[in-house]
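**Q** Protein sequences, first through last, are from chains A and B. Heads up: the first sequence is residues 25 to 596, going by our numbering. Heads up: the second sequence is residues 25 to 596, going by our numbering.
To be clear, the hints were calculated from the coordinates, so they are not data collected in a lab. There may be inaccurate statements among the hints.
No distinction is drawn between identical chains; accordingly, a pair holds when it is met within one copy or between any pair of copies.
As the list claims (entries may be wrong) - Below, in silico cross-link-like pairs of lysine-lysine (PhoX-like), each with a Cα-Cα straight-line distance of 20 Å or less:
1. K501 - K573
2. K573 - K239
3. K277 - K239
4. K41 - K117
5. K247 - K41
6. K233 - K247
7. K516 - K41
8. K573 - K79
9. K247 - K265
10. K326 - K282
11. K490 - K247
12. K117 - K247
There are 2 protein chains.
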Amino acid sequence: MAVLLAGHLRYDWSKPKDPANDHLIFSKGHASPLVYAMFRAAGVIDDAELLTFRKFGSNLQGHPTPILPWVDVATGSLGQGMPIAVGMAVAAKRLWNAPFHIWTLVGDSESAEGSIWEGFDLGGHEGATNVTPIIDVNRLGQRGPTELEWDTDAYAARIEAFGWEALVVDGHDLAEVDEALSSARDAERPTAIVARTVKGKGVSFLEDKPGWHGKTLDPEQTKQALAEIGDEPSRSFETPKPPRWSPPAAVTKPLQLKAYTEPVATRKAYGDALAALCASRGNVVALDAEVSNSTHAEEVNKVAPERFFEMYIAEQKMVAAAVGMQVIGLVPFASTFAAFFTRAYDFIRMGAISQANIRLAGSHAGVSIGEDGPSQMALEDLAMMRALHGSTVLYPSDGNQTAKLVAAMADRDGIVYMRTTRANTPILYGPNEEFPIGGSRVVRGGGADDQVTVIAAGITLHESVKAADALAKNGVKVRVIDLYSVKPIDSKTLWAAVVATGGRVVVVEDHWPEGGIGEAVLAAFSGAQMKGALRWKHLAPREMPGSGKPAELLHAAGIDADCIEQAVRALI
Amino acid sequence: MAVLLAGHLRYDWSKPKDPANDHLIFSKGHASPLVYAMFRAAGVIDDAELLTFRKFGSNLQGHPTPILPWVDVATGSLGQGMPIAVGMAVAAKRLWNAPFHIWTLVGDSESAEGSIWEGFDLGGHEGATNVTPIIDVNRLGQRGPTELEWDTDAYAARIEAFGWEALVVDGHDLAEVDEALSSARDAERPTAIVARTVKGKGVSFLEDKPGWHGKTLDPEQTKQALAEIGDEPSRSFETPKPPRWSPPAAVTKPLQLKAYTEPVATRKAYGDALAALCASRGNVVALDAEVSNSTHAEEVNKVAPERFFEMYIAEQKMVAAAVGMQVIGLVPFASTFAAFFTRAYDFIRMGAISQANIRLAGSHAGVSIGEDGPSQMALEDLAMMRALHGSTVLYPSDGNQTAKLVAAMADRDGIVYMRTTRANTPILYGPNEEFPIGGSRVVRGGGADDQVTVIAAGITLHESVKAADALAKNGVKVRVIDLYSVKPIDSKTLWAAVVATGGRVVVVEDHWPEGGIGEAVLAAFSGAQMKGALRWKHLAPREMPGSGKPAELLHAAGIDADCIEQAVRALI
């Protein structure tokens with residue numbers, strides 16, 4: 025890292041947002057003392073700040089986060105920084121042929137994470153010559169030897185099998201490291217550096233010894249260590265500067281969303297709207313995990329094929345790449361089946377800590393997908409996505425609403441998730457209606473004589489409307505609320521409805537009972553300090569579904585119009 | 025698959041539970057028509073049942089699940105069956121040198137999932153010669169060509185780099201396949217088969233054509249297809265039988281749990297109890313993701329090192345292996361930092377569909393871990409684990425309670441999760457107390473004059489006790505409930521407390537506000553049909569935490585004793 029900083033990392037330390045800067049991502053985030061020491065050497069923090077390490081209120085946290093302007097993304101959950109770096113590189117090269125280079129320090133232990141190999145797979149396939157992973161093969165993990173110890177040949181063989189060149193070096197031979205960093209930057213094939221290192225090198229009681237992970241030295245040990253390695257005063261030094269460069273201005277054109285009058289699947293409306301966004305804004309990019317014909321993200325290929333990134337069936341890589349792409353100013357939308365975002369939950373969680381602005385769209389939600397069976401049915405995605413700091417969770421029910429919400433996602437910060445439905449659903453709204461995030465819509469009832477409130481979204485909203493219309497014919501007045509914004513939630517409208525309907529509430533959702541719409545509504549009520557009795561029915565799947573027709577499965581799960589009608593009747 | 029079934033899969037189709045049977049796992053679960061056709065050929069289902077495929081109520085779901093006795097695990101989320109198969113193989117070989125062989129059909133598309141390489145890594149490292157992955161390289165994914173198309177050399181190079189031998193065959197040359205299956209079974213090194221195949225082989229309008237994923241033929245197309253490939257009537261045939269074998273009986277000895285009188289971390293009590301379980305029951309196994317010195321699972325090494333499985337830093341592989349091991353009758357406990365189970369959420373979700381009985385223990389929950397910062401703090405694990413069908417979520421607060429709950433986990437079906445705490449916490453309970461799953465404990469108050477109910481678990485229970493004791497000195501009576509069983513939840517005790525304290529409730533948890541204890545309690549209340557006003561305070565972290573001392577972070581998150589005391593006072 026000293027050689028990298030002194031001679032290879034082209035970075036204007038006074039302008040961390042300069043788009044021409046190289047990037048440095050510590051995939052092994054637990055090496056935070058090293059990256060902070062680099063910042064000290066670069067002169068952007070001083071000794072006093074360095075000594076706040078891991079203290080309350082300090083920006084120098086246990087693992088690096090973008091609270092520091094020189095840190096692109098939070099790391100510390102292993103195997104993530106590297107695929108993030110590769111994703112960033114792929115976009116920077118394909119869209120701009122950008123002059124900056126991306127360096128990522130990778131731990132040997134974390135190479136056990138499959139996501140590291142997803143990263144190598146992506147870089148090899150896309151010819152990412154603008155990123156250099158540097159594997160620190162120090163042989164020791166947190167609790168003992170790593171799997172491959174110092175078998176640098178094994179690392180090299182794996183890296184090469186994924187389409188890269190591997191330069192094996194002695195990580196303590198500065199000239200050799202210098203040469204490898206130059207070669208890697210200039211290489212015509214994706215190139216990684218495998219550096220054999222010795223943990224605690226130069227200090228007799230630390231060198232290659234287990235049991236020191238995350239431990240500090242006592243004063244006596246410190247004295248001895250400094251005596252052994254030479255107590256050179258810390259100093260700053262000149263570092264290479266980036267060239268003058270900025271990415272070409274992204275085209276902008278008026279956004280032209282499709283208007284729907286006939287039933288359409290919200291996933292199709294998502295694809296259409298994403299394509300419209302791509303046509304309108306040159307910085308919007310789409311990422312697919314090889315299901316773009318199902319999520320309809322493939323529509324992007326018709327208008328901006330260069331901004332469509334195929335990640336194949338590797339959801340972790342897809343989310344990692346999206347996080348990397350937003351670092352360099354792109355506006356990523358990543359889509360797959362909603363169920364398969366569970367595969368990337370750790371990456372999404374870390375994205376929140378990274379203050380990343382990424383948009384995720386999950387199709388094929390719930391039992392309503394039908395024949396494919398439970399492995400393809402997202403039934404926990406709302407719980408998963410709600411339980412993230414600062415997240416937004418949207419669940420549209422018709423084409424026009426979907427289009428508007430997709431457009432809103434582009435300008436929304438944080439982790440922004442949209443859940444879409446497989447089946448065609450009727451049109452409920454006109455193309456010029458607005459759907460602010462955090463809002464809701466009353467789609468049936470709304471008068472003072474409503475008897476029961478029914479809260480739903482997406483597929484169950486249509487079932488609720490059917491139930492309300494059937495009940496209306498029998499003189500039962502139901503207020504149906506479209507909770508298209510599950511988080512943030514429109515507590516005010518919900519609470520007003522509960523009060524108006526004497527505490528009678530039915531919530532119906534195509535999601536396990538835990539952590540979804542039902543609990544979101546209860547939390548919203550509790551914030552309003554429930555002042556009277558609540559008469560509550562929560563309709564949600566409670567048994568493991570199988571295959572079947574969507575209508576059969578909705579009925580079996582107790583969430584179709586018939587079941588809603590029964591629940592309403594039971595409350596009055 | 026025909027060659028495998030006819031000559032290599034040693035399986036007593038009349039006794040699917042025979043422990044000597046070979047195992048066949050379709051990692052590419054979408055090839056369900058093929059595996060069902062094999063069952064038909066083996067004579068265990070008939071044509072009528074075959075024609076129920078994907079219909080409501082049929083066991084022949086869109087993707088295979090263990091509803092069928094010949095299916096070990098549910099697949100359909102890609103990249104999972106293969107590491108499950110390898111995990112099963114590693115245990116079967118190490119513990120029993122079992123004679124059965126494990127075969128797994130892997131899609132070429134799904135080899136993009138990093139978890140496939142985690143599986144190869146595990147098998148290579150452990151010398152798993154008793155499992156044979158067969159990669160079906162048919163060149164076509166759901167939406168077009170795969171990344172590597174027919175580059176079987178690239179597949180072979182990757183497989184070999186992970187320590188396996190790769191046999192490349194023409195998947196349509198039956199003799200070559202036969203030879204490869206024999207070689208793989210008898211090989212002295214882990215061996216995989218890379219089969220070059222042509223999708224739709226033999227039918228002119230299907231062969232190597234994209235656009236047929238998940239589609240059926242119309243009657244005219246069916247006629248033409250049968251004319252081209254030859255309309256042979258379906259038939260059953262004799263298949264190889266397994267030898268007579270069963271695993272050695274597992275030793276059982278009385279369980280001797282440690283008794284704690286001094287403060288201890290629940291993670292340490294977990295490790296102690298797991299070791300005690302391993303000493304007591306020979307079928308209990310422990311899996312670690314290279315943090316066993318932190319989770320304390322390393323204690324198992326002292327009593328049963330052969331049943332301690334090091335999975336290195338690869339949480340997906342760890343959960344997959346646990347699922348595989350429970351198929352063959354073992355009782356797996358897998359542990360890592362609670363935050364890192366997010367990495368394996370898709371595997372855990374599929375585990376629920378697989379009807380798998382696995383026990384997961386996540387340490388270092390919440391902001392209370394302190395200096396390491398947010399990447400290491402589980403703040404969404406309760407939401408994630410609650411939102412699984414049939415799951416159990418436990419969150420003990422002291423050493424003796426932890427020990428009893430760990431013992432109970434061994435006999436509990438489904439996905440059973442325990443959340444543990446990093447810091448030492450005081451002892452609240454005696455070593456002979458019982459903690460039934462689904463129960464709770466009133467640890468302060470309980471009389472008719474309690475003014476406020478405080479509900480907590482784990483680290484926040486101790487803060488609640490401190491607050492209650494301080495309030496008691498000032499004459500304020502608080503009922504503190506230890507919600508050690510978050511799911512199932514003890515609605516009765518909770519509701520009784522709410523009624524007794526006039527609807528005044530404080531819930532305090534070290535977890536994001538969504539999907540955790542607060543919402544679990546609200547859901548429990550709503551089930552009881554809240555009959556009066558609820559005066560509610562939900563204390564939970566609401567801003568992204570940083571590093572600091574545990575006490576500083578608990579206070580900053582608004583969940584320490586001071587904050588609880590304030591919340592109680594605000595309600596009275």
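**Q** All the hints need checking, so say for each whether the structure fits it.
**A** Evaluated hints:
{"no.": "1", "hint": "K501 - K573", "result": "neither (30 Å within a copy, 55 Å between copies)"}
{"no.": "2", "hint": "K573 - K239", "result": "between (58 Å within a copy, 16 Å between copies)"}
{"no.": "3", "hint": "K277 - K239", "result": "neither (55 Å within a copy, 39 Å between copies)"}
{"no.": "4", "hint": "K41 - K117", "result": "within (19 Å within a copy, 54 Å between copies)"}
{"no.": "5", "hint": "K247 - K41", "result": "neither (39 Å within a copy, 64 Å between copies)"}
{"no.": "6", "hint": "K233 - K247", "result": "within (18 Å within a copy, 71 Å between copies)"}
{"no.": "7", "hint": "K516 - K41", "result": "neither (40 Å within a copy, 56 Å between copies)"}
{"no.": "8", "hint": "K573 - K79", "result": "between (57 Å within a copy, 7 Å between copies)"}
{"no.": "9", "hint": "K247 - K265", "result": "neither (36 Å within a copy, 70 Å between copies)"}
{"no.": "10", "hint": "K326 - K282", "result": "within (15 Å within a copy, 66 Å between copies)"}
{"no.": "11", "hint": "K490 - K247", "result": "neither (78 Å within a copy, 42 Å between copies)"}
{"no.": "12", "hint": "K117 - K247", "result": "neither (48 Å within a copy, 50 Å between copies)"}
Hint check: violations occur at hints 1, 3, 5, 7, 9, 11 and 12; the rest are consistent with the structure.
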